[in-house]
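Given the coordinates of chain A, assemble chains B and C onto it according to the supplied hints.
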Amino acid sequence: MERKVITIYHGPQHPGITGNMSVELDLMGETITRARTHVGYLHRGFEKLIERRTIIQAFTIVCRICVPEPDPNEANFALAVERLAGIEVSERASYIRVMVLEMARLGAQLLWMAGQSGSVGLGTVGQWSIYDRDLILDLFEQLTGGRVYHMYIYPGGVRRELPDGFLERLSALLDYLQKRLDAYDRLFFDNASFQKRAIGVGVVRGEEVLRRGFSGQVLRGCGFARDLRRDNPYLLYDQLEFDIPTQSAGDVYARALVRRAEMRESIRILRQVIAQMPEEGAIMQKLPKHRKFTLPKEDTYVAVESARGEFGYYMAGDGSEMIRRMQVKGPSLIHAFSLLEPLLVGEELSNVALIMNSLGICPPEIER
Amino acid sequence: MLLLDLLLMLLIAYGFGFLYYGLYRNLSARVHGRFGPSLAQSFSDSIKLFVKEESTTFGWMFYLGPVIMASGAVLNVLFIPFLNQGESLQGLSSYGNLIVVLYLMVLGPLGNALGVGSSGNPFGVMGVTRGLTRLLALELPFYLAAIGVMIDAGSADFGIIMQAQSTQSNMFAHPLLFAAAFISFLGFMGKSPFDVVGAPQEVYSGPATEFSGKFLALLMSQSAMFSFAKLLLMVNLFWGGADHLGELVAKTFVLFVAATFIGSVYARFSTVQSVEFLIRIPTLLGIVGLALL
Amino acid sequence: MDEGFIPYQQSLEDEEQSIKSTQSVIEQAIAWFRAHSMFVLAYGTGCGAIEMPPTFTSRYDIERLGVVGVATPRQADILIVSGYCSPKTLKRVIRSYEQMSEPKYIIGLGSCTINGGMYWDSYNTIKKLDDFLPVDMYVNGCMPRPEALIEGFVKLQEKIRANSSEAGYIQYRTRYAHYRANQERLFGTQVQPRYEENFAGMNL
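Residue numbers (our numbering), protein chains in the order written: chain A, 7 to 374; chain B, -3 to 289; chain C, 208 to 411.
The shape of chain A in the complex, shown without the other chains (with noise of 0.2 Å):
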């Protein structure tokens, strides 16, 4: 008897995808026969609006171009700046922005330990995650004045001096959130139920990951420890000890093992900076006057490890004050088209949220 084959859109609409965008499946019972991604949903344009604009204004937008972890752009662009226009940063800024990055990749595992316990419904996991992660955001609006969007990172250095006792109560937080990190294991890492579910599913393995350009926990998850903070060094991360976890297995358990063993790296990295910052030392560099502050005829790469994988910024001046062009390279795209699609055929419809948290999937920055 032939079987009937029907299609359905998972998303946009959808409380199981990872944003705005829609994952197109053709099923037969529940096993997925085909799938294919569609974004599109979320473009704003970033590279074209980032054309007409100077430097102090498109700093503005770009942390909006990732909402559930924005640093690594603002990074990214000032890393991009200051090596286009020749800028050396403070010691103690360095410190401050490796701080920042740091809390923002602490952030973005809470929140993705929300999305991954959501999508097996461990709601509880969920809520006390996302509470946790709050007490960061907290962190942040006393140092930037900012919840989500913070527009710290500037060419040159950070814009606003720590407040009084930030370090103190970033320690304080620290200690809590490793508490809470052993509560976690109990209840989601460590949960029979969550280990059936997770373990076998939504495989990635072989040399050929390395070939296709995946990054983040999807390498790490099956045994290559790559990590852009130790192969290619920005800021201090050179002078900091951390370690990169990594698992064979290459399933969705391996990779959410992967982000558990990360947040404890983020919290020792933490632990380092407090230690070490200089406790003067200016944070910011004399820039031109903003209308002066113009880039060189040169084009520039720049990729920082964000919580889910290379982020990467490709940009070019051309000796006036706009930027002539800005490329982003996040690791969703890659993730979400080459690697979901194969991935989701053979699988069950329930395990489509799964596989998608797992790979950290973010639609904003794979349209921009």
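These are computed hints drawn from the structure, not numbers from a lab.
Don't take every hint at face value.
[As the list claims (entries may be wrong)] What the simulated footprint calls covered on chain A by chain B, stretch by stretch (three residues with Cβ under 8 Å from a Cβ of chain B suffice, anywhere in the stretch; the number is not a length):
(1) 18 to 29
(2) 118 to 130
(3) 177 to 185
(4) 195 to 204
[Said to hold, decoys possible] In silico lysine-lysine, DSS-like type, Cα no more than 30 Å apart, as pairs:
(5) Lys54/A x Lys362/C
(6) Lys210/B x Lys362/C
(7) Lys54/A x Lys295/A
[To be verified] Between beta-carbon pairs, the in silico distance windows are:
(8) Gln148/A x Leu7/B: 27 to 33 Å
(9) Asp328/C x Ser326/A: 39 to 45 Å
(10) His44/A x Thr381/C: 33 to 39 Å
(11) Gln282/A x Asp328/C: 40 to 46 Å
(12) Pro239/A x Leu35/B: 53 to 59 Å
(13) Leu60/B x Thr381/C: 57 to 63 Å
(14) Thr381/C x Arg217/A: 37 to 43 Å
No residue lacks a Cβ here, since even glycine has one placed at the ideal position from N, Cα and C.
Frame of chain A, contents of chains B and C only:
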């Protein structure tokens, strides 16, 4: 007099059903670390849904689905005695027995299938398919446990089953049967890890996807009453029923809280996994329990 | 009007009195139930979706007000358009809105729904949501904080209890030609079925 009694039973089931649903939201909110809505929130929800100005329909079969489900729930409530003694709140239990109740429990899902099928929504159909698949696996251990209880009491009549437990309740006399029935009861209540039917991250709301306004209100009311009926059934079969209304509330409350807390710390199985699990562990427990009788 | 807390409180009470005087008891009760049970469609259309999880979870816990997320448009009362809308998203938003059953309300979250916000010169976002769909409550900011969203819900509760004919869904029925014309201007030939045609063959 009987009519008044039946009406009272329905009112109690309706009121406590919604109260327990509100309690469920409150208790799980406490597990989440927040306050949660007021106890009467789900009651407000159902009133609001009843007075919605529009409810989309897909023909007369779509009307019938929720009605059949609701009648299943109502009959279930009426055929299960609330108390183990006295004349009042016995309902129609003298006209039917456990077998009738077990049969009626299947009516709801079938009615749902009829209604959802006529809407033509693929997610609704998927939810119904999941529900029926899971139902087959749920019934096996529950029926085994029920058969064990019936053999033990030597009758399928609720009164006799409850009387047989006057010295020792079935929960302690036959712990394996109780375990089998309790796991399957978690599934009947739609708790994790067996909540595959309306899994929002997978199939929207499953069977309820196309239901709006008063249809959804009817679904909510019937599910509140039905869950109270299931609590009653468990209390009657394994905890020896209740002498008076206070004891009934206490016993159902304990059972309900246990189910809620278990449900909030487990991840959802996929359909195949939950069927496999139910067929393996609780069924095995049930068979061993039967053998030990 | 006088400034200060007491005159403000007085004005709110006056408003409440005037609402009560024009409605019958049953109408008031229905409006109360509607205001205290709001089902929000889970559709994160833009960046504003990032502040929805904190609003709905344990830190801010908007479920205290009776606000719950639901999965499908059929069950929803409130559509939160969270931020910028590209035309492709707007089509889905309109479809979702039209599938919701009345009474239904829209909350526009973020400055982008008011005047384009950060994306005022973008070629692919709409600048004013109110041209295409009737917005009942705007919450401005980029991002609006969860407190602001809660304030928006409280104001919307007041609006629902007032039960006025200004409500968005009534506007959408009575001024459909206006909204439809704007939608057609944006979407060109790729327009969706008219509102009434969504229900063709169904008895409302």
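Do the hints match the structure? See the list:
1. 18 to 29: With 3 residues close enough to chain B, the hint holds.
2. 118 to 130: Per the Cβ count (8), the hint holds.
3. 177 to 185: violated (count 0)
4. 195 to 204: holds (count 5)
5. Lys54/A x Lys362/C: violated, 38 Å
6. Lys210/B x Lys362/C: holds, 26 Å
7. Lys54/A x Lys295/A: holds, 24 Å
8. Gln148/A x Leu7/B: 27 to 33 Å: For Leu7/B against Gln148/A, whose Cβ atoms are near 55 Å apart, the range 27 to 33 Å is violated.
9. Asp328/C x Ser326/A: 39 to 45 Å: Given about 18 Å between the Cβ atoms, the range is violated.
10. His44/A x Thr381/C: 33 to 39 Å: Holds, since His44/A and Thr381/C (Cβ atoms, about 35 Å apart) stay within the stated range.
11. Gln282/A x Asp328/C: 40 to 46 Å: holds, 43 Å
12. Pro239/A x Leu35/B: 53 to 59 Å: holds, 57 Å
13. Leu60/B x Thr381/C: 57 to 63 Å: violated, 35 Å
14. Thr381/C x Arg217/A: 37 to 43 Å: violated, 60 Å
This entry does not satisfy hints 3, 5, 8, 9, 13 and 14, going by the numbered hints stated previously.
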